[in-house]
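Colleague: Dock the two chains into a complex; use the hints.
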Amino acid sequence: MGSHRSGGATLFALSARQVTKRFPGVLANDRVDFDLLPGEVHTLLGENGAGKSTLASVLCGLYKPDEGAVLRNGTQVRLTSPRHGLQNGIAMVHQHFRLVDRFTVAENVVLGHRKLPFRLRANDLEDQVGQVAERFGLPLDPRAVVGELSAGQRQRVEIVKALYHGAEILLLDEPTALLAPPEVEKLFETVRAMTQAGKSVVFVSHKLGEVVDISDRVTVMRDGRVTGSVARGEADTRKLAELMVGRDIDLSPRRSRGEAKGTLLSLSNVGLTKDGVDHIAQVSFDVRAGEIVGVAGVSGNGQRELAEIVAGLIAPTSGEVSINGERVNGVGTRNVRKAGLAYVPEDRLGTGLAPSLSIVDNLVLTRDRGFLVDRKSAHAEAEAFIAQLEIKTPNALTATRKLSGGNSQKVLLAREIFAAGNNSRVLVVCSPTRGLDVGAVEAVHKLLDEARSAGKAILLISEDLDEVLTLADKILVLYRGSVVHEAMGDQVDVEAVGLAMAGLS
Amino acid sequence: MNSNVWILTFSDAISIATTLILATLGAILTERSGVINLGVEGILLMGAVTAFLVSDGTGNLWLALFLSVLVGVAMSAVHATLTITLRANQIVAGLALVIFGNGLSQFIGKPVEGKTRPVTIEPMKLGPLSDIPVLGPILFGHDIFTYLTWAGALVCSLYLNRTRPGLVLRATGDAPATVDAQGVSVAMIRFVHTILGGALMGLAGGWFMLARGTAWSQSATTNGIGWIALSLVVFAAWRPLRAIAGAVLFGFTLQVPFTLQGQQINILPPEIVQMLPYVATLFVLVMLSTPRARRLLGAPKMLGQPFVRDER
Numbered sequence: 001m002g003s004h005r006s007g008g009a010t011l012f013a014l015s016a017r018q019v020t021k022r023f024p025g026v027l028a029n030d031r032v033d034f035d036l037l038p039g040e041v042h043t044l045l046g047e048n049g050a051g052k053s054t055l056a057s058v059l060c061g062l063y064k065p066d067e068g069a070v071l072r073n074g075t076q077v078r079l080t081s082p083r084h085g086l087q088n089g090i091a092m093v094h095q096h097f098r099l100v101d102r103f104t105v106a107e108n109v110v111l112g113h114r115k116l117p118f119r120l121r122a123n124d125l126e127d128q129v130g131q132v133a134e135r136f137g138l139p140l141d142p143r144a145v146v147g148e149l150s151a152g153q154r155q156r157v158e159i160v161k162a163l164y165h166g167a168e169i170l171l172l173d174e175p176t177a178l179l180a181p182p183e184v185e186k187l188f189e190t191v192r193a194m195t196q197a198g199k200s201v202v203f204v205s206h207k208l209g210e211v212v213d214i215s216d217r218v219t220v221m222r223d224g225r226v227t228g229s230v231a232r233g234e235a236d237t238r239k240l241a242e243l244m245v246g247r248d249i250d251l252s253p254r255r256s257r258g259e260a261k262g263t264l265l266s267l268s269n270v271g272l273t274k275d276g277v278d279h280i281a282q283v284s285f286d287v288r289a290g291e292i293v294g295v296a297g298v299s300g301n302g303q304r305e306l307a308e309i310v311a312g313l314i315a316p317t318s319g320e321v322s323i324n325g326e327r328v329n330g331v332g333t334r335n336v337r338k339a340g341l342a343y344v345p346e347d348r349l350g351t352g353l354a355p356s357l358s359i360v361d362n363l364v365l366t367r368d369r370g371f372l373v374d375r376k377s378a379h380a381e382a383e384a385f386i387a388q389l390e391i392k393t394p395n396a397l398t399a400t401r402k403l404s405g406g407n408s409q410k411v412l413l414a415r416e417i418f419a420a421g422n423n424s425r426v427l428v429v430c431s432p433t434r435g436l437d438v439g440a441v442e443a444v445h446k447l448l449d450e451a452r453s454a455g456k457a458i459l460l461i462s463e464d465l466d467e468v469l470t471l472a473d474k475i476l477v478l479y480r481g482s483v484v485h486e487a488m489g490d491q492v493d494v495e496a497v498g499l500a501m502a503g504l505s
Numbered sequence: 001m002n003s004n005v006w007i008l009t010f011s012d013a014i015s016i017a018t019t020l021i022l023a024t025l026g027a028i029l030t031e032r033s034g035v036i037n038l039g040v041e042g043i044l045l046m047g048a049v050t051a052f053l054v055s056d057g058t059g060n061l062w063l064a065l066f067l068s069v070l071v072g073v074a075m076s077a078v079h080a081t082l083t084i085t086l087r088a089n090q091i092v093a094g095l096a097l098v099i100f101g102n103g104l105s106q107f108i109g110k111p112v113e114g115k116t117r118p119v120t121i122e123p124m125k126l127g128p129l130s131d132i133p134v135l136g137p138i139l140f141g142h143d144i145f146t147y148l149t150w151a152g153a154l155v156c157s158l159y160l161n162r163t164r165p166g167l168v169l170r171a172t173g174d175a176p177a178t179v180d181a182q183g184v185s186v187a188m189i190r191f192v193h194t195i196l197g198g199a200l201m202g203l204a205g206g207w208f209m210l211a212r213g214t215a216w217s218q219s220a221t222t223n224g225i226g227w228i229a230l231s232l233v234v235f236a237a238w239r240p241l242r243a244i245a246g247a248v249l250f251g252f253t254l255q256v257p258f259t260l261q262g263q264q265i266n267i268l269p270p271e272i273v274q275m276l277p278y279v280a281t282l283f284v285l286v287m288l289s290t291p292r293a294r295r296l297l298g299a300p301k302m303l304g305q306p307f308v309r310d311e312r
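One line per chain: the protein sequences are A and B, in this order.
Residue numbers are given in our numbering: position 483 of the first sequence equals residue 483, and the series is strictly consecutive.
Residue numbers are given in our numbering: position 299 of the second sequence equals residue 299, and the series is strictly consecutive.
One chain only, chain B, in its complex shape (with noise of 0.2 Å):
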């Protein structure tokens, strides 16, 4: 077998992996503050399409960009306002925000669909970093998101662990009523950080949509990956920094069939793989929902539970 292959392949992952962080550091943010966000693959979508759309019609990948993280910001908005202060179920909230995305994103994407990506993420020239054998186009072949992804989970490790703010956010995500008995406004921060986290999002659909996507698929462009992400936030305990780890890892399991296919080898159906954001999705609900599980794992104590000060 040809040893490009698995360079690509390799080379592949860590471009999903690069979606799958930003989505979940996206979903780790919105979770530490208490709100868990289900819409994840709604928003991607939703970013996708508008990244595709802006893009067809202006040319500009930037502007392009820029929209799919206002798309972002705006679905989590709504989120956040039906639970954070109408104190809607949030899995409920979550799904609808998936089904409305599914539907818009095909409604609006219908007159592009099949059409081929009109502009593409640059890789950046990394001069002799990227002519390194193997390790070359594997780790320095990417474009500047992908490093500036894995620069941000760093960032969010340190504001979560050795900031003020980030203190706080986990407070308010364990024991709300502390937060709000120090006269700090639990719904703020809640706010903030939902709409943080959908900015992320938004952010990781228009990326995937335009480094990754070659065209416009409604039913393939994001595959799932939304779902995924959400699981990633668990198996990474919330912690951003070990998000990298498990996107590589998930990115490399959803790469490697659609490369041994290529190769004519049949080893594991891609069918089986399709399947892995479902299961995964399973997993998390049954996680989140056990609360033994919940406490092993080091879930927000209060996480998808509405704050509402106790007063006589």
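Same shape as in the complex, but just chain A (with noise of 0.2 Å):
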């Protein structure tokens, strides 16, 4: 033990000693071993399903380990629940903000405080907590109504409120999911506040690049097991991923190696105004066979609607829609899918599949065959992408919603790329690897190239800036609206297309 200092008497404001965790049918910690430093920022990096988040749940007093220990400031403690976890100083802060929407800041973050007089004073309360963010450099109005924050201010008041309650160690699952990339930059701000305080925080994470930037040590687990801790400057994101992934992952950029044939997929000068406001304004371009034409811009700049008027589900107020030469807009999401569209929505389990319905079933979902349904080739067919695509899951009637994030999605795109044949050739894709770990964004950019060498016409549309920049050969910039920026995707300024996405080209 002491892994990190020589000498071995360091003491370790947090560790966890062999723990092991089952689940029904899963192991999730197998043996795990993992030390904090006091005011140490520590990244525990893995896959989904890697057992991270069941790690920090034992850390925090979640779930109680089957098997080893949990240890603070060298002391072995026993924690029977969160409350308990966060009497000993330790605090988790969920993925899924823990808010009531309709309270003030102040009345949030005092929430459950055992201490709290029975009347409560709101000025009082509202001096306390304003000055403990104050305290730790985070801009936050106490009287402000949490519903109306944004997720970077929500998650503030969940930090607030935990070291309001007196947190020494903060887990952080998945903390810059749902920020926006200022607002990253704002936590790290806090982050190195807190550690300056002599607190330590852990961020429990699946994306490689911005958190293990500020991380002083990195611990990556994989398959319930810890298969390496790095400090910083020990490793780059290569070695890390494959640690994660236990094998090589590429996510060189993936280009069109044939010539790119007629157009499939047209728009000229579509637009869409609402009450009086352009969602969308004349937008023009063209997708051929054997390309991807990728669409970037920042969140809520238009990206839904277009990807809605192409899909048919909202018919646009001006202009015209084209798929294979046949004008659809206006005509209907079916006629739409005749004409030879497929769509892979956003929100994957919502809108793309029926969750609670099998794989088999939801592949042939879409399928406009007869009235009776052929169970029995539609099965062969569902265990056949099981194999090719390296689905993980018991079986081919499981309920899709059972599925990981990386799983439903081929699905998804087996349905819409595979299942759907030859008569669908223009392929509609929204951020399609939102959510996913490394090891899925590999298989679902590999199933997007293979899609597009098979001749389809791919429109890419994605929040995701290094999506676009690896898979699209061509790249439109979607600023309120407007496409503002294009570029080849081979010959792309990276630093033009960033400032289009703000506004300030």
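To be clear, the hints were calculated from the coordinates, so they are not data collected in a lab.
These figures come from a predicted structure and were not determined experimentally.
One thing to keep in mind: the hints can contain errors.
Said to hold, decoys possible - Residues on chain B that point at chain A, a partial pick, calculated with CB under 10 Å:
id: 1; residue: Asn-161
id: 2; residue: Arg-164
id: 3; residue: Pro-165
id: 4; residue: Ala-177
id: 5; residue: Asp-180
id: 6; residue: Pro-300
All residues carry an ideal CB built from backbone N, CA and C; glycine is no exception.
Modeller: Listed below in structure tokens is the structure:
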């Protein structure tokens, strides 16, 4: 033990010793060791299902370990609940915030504090909360109503809450998942202020990039085990990715290899005006067979509307959309699909799939065949996809909601790319890798690349700029509903794209 | 028209309002914890018949009211057990409670159906205040429970907005998972407030019988007041003080047609007013089943949702 420092006498703020945690059918943590120094920023890195959230839950008292021990300042503690964890100075901020929307910031922060007087004086509480927020450089108005705050501000409320309740160790579960880049920067400032005050921070993350930058140490988990623990500067992202996935990951750009052929999807001067506001204005572009056109942009600049127009869910108020030369605006989803469009919506589970139906049922869902369903061949087909795309599932009859994000996305892509057959030659894909781990991202990108090689015309709309840069042959930047920048994928000026996304070009 | 008739009308409106406020406060406390109890009407009926039977048998007013409260506690405890412990559908369990209260009160009240009320809650003597012309009889001619009820609404409001348990109660209706994460038992909070609410509803029924009803009549005693209380909760946006204003308004609406009819003025047939409770119920159910309306009205976010801690 004490592998971080020589001598082994270091007193760790928090440690896990040989922690094992089982869930029915899953060994979530297998003899895991973990050490956290006081004042340290430590990232727990791993893919979805690697066991990092389970470990964090054990450390904060949510789960009791089946075997092994949790040590606080070198002494074993048997945490029975998150509240008990908090009494030991350990708090966890969950990815999905646990706040009361209608309460003010101050009310949320003090809720559940044991030393609260019976009679509450709003002003006193607001002052106390304001002081805690200020001490750690968290700009926050204690009187603001939480329901009106942004994701980043809500996260700050959670952090202030933990600090107010006396947390010395803060476990942050996927803290950057919901934040815009400037908010991430603010979060990091807060984290620095906290570590300067001697508090320790654990990031639980599957994102390689940003979080690793501010970590003093990164511990990588895979399949319930720790595969490595490296200090800052000892490993690059490629090495970490390998520790995470267990094999070399290829996230290098993929471009069209063949020559793009005839235009399959064409938009000319498409506009959407609702309540006097232009959601989409004068958008024109073509997507040809065998190419991926990527639409980049900050969330809320018309991506959703653009996707829904092309998919036939809403009709544009001006301009024309055509698929395969056939004018399709306003003809309805069913006819758009008939004209050859396949659609992978952003909300893959709710809009894309029927969550409680099986993989087999979901695959035949959009099939435009006779009245009766041929279950036998559908089942065989599903089995083939499961094998081919390495979909991890107990069997083909498993409900899609029980699959992980990456696996349900594979099912959806399988249906929209392959099961639809050769009729569908235009594919609209929205944020296909949102919330997926590195391994799944690679798999989805590979699928899209294959679909391109097979001659599909693909419109990729994604808020993840890296994804657009990796896949697209042509890049469009959407800002306030207009295309403000265009570039070819292999000669793109990333800085110019970034400025265009911010509306500064 | 005689001005005394109008004074009496206003005075009666305020006594109806007292019942409404009591029942509404009970429903607000219940619903703020995230539990909807549609059984108000059933509890009122049972509270009323209990008060009648006990006072008829013993002549003891206080014992009668106390047992009405106990009946409210027992019925809401059944609701709490069904919906919180067993996670039954709250709407269905509440409706069952109404049907149960309806049937049982009819059964046990049968021997005394139509019998005149044995005891009366006397109005308080407020000295010179009661002698003020017009306002005196309207505002200061009531019994102690009317005034306690007004004070009760204020206490409820302070409890909700200015105390630690009130904060936890509001959080429980909106975000039970948050409360649970703080190590507070959501089930306990919901049980306590559902039962407290039931006690107020039981008292409302008992008081209404002994202060207002002249004789026990299963079909005419509460006359759908429980349903109106439920719509008042929505009308008052789950705020106790607003319930007072709404209750007075409803009390007036319920009383006026009868006054007019007594004066041989037939502008509005009383049958229309008798529909009011059921129109109000439809209104509530429509409001509470539209997510947008719920949000706009400020309904507790998790109203009607059983709480299940999500574990793997």
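Colleague: Broken hints, numbered, in rising order?
Modeller: none
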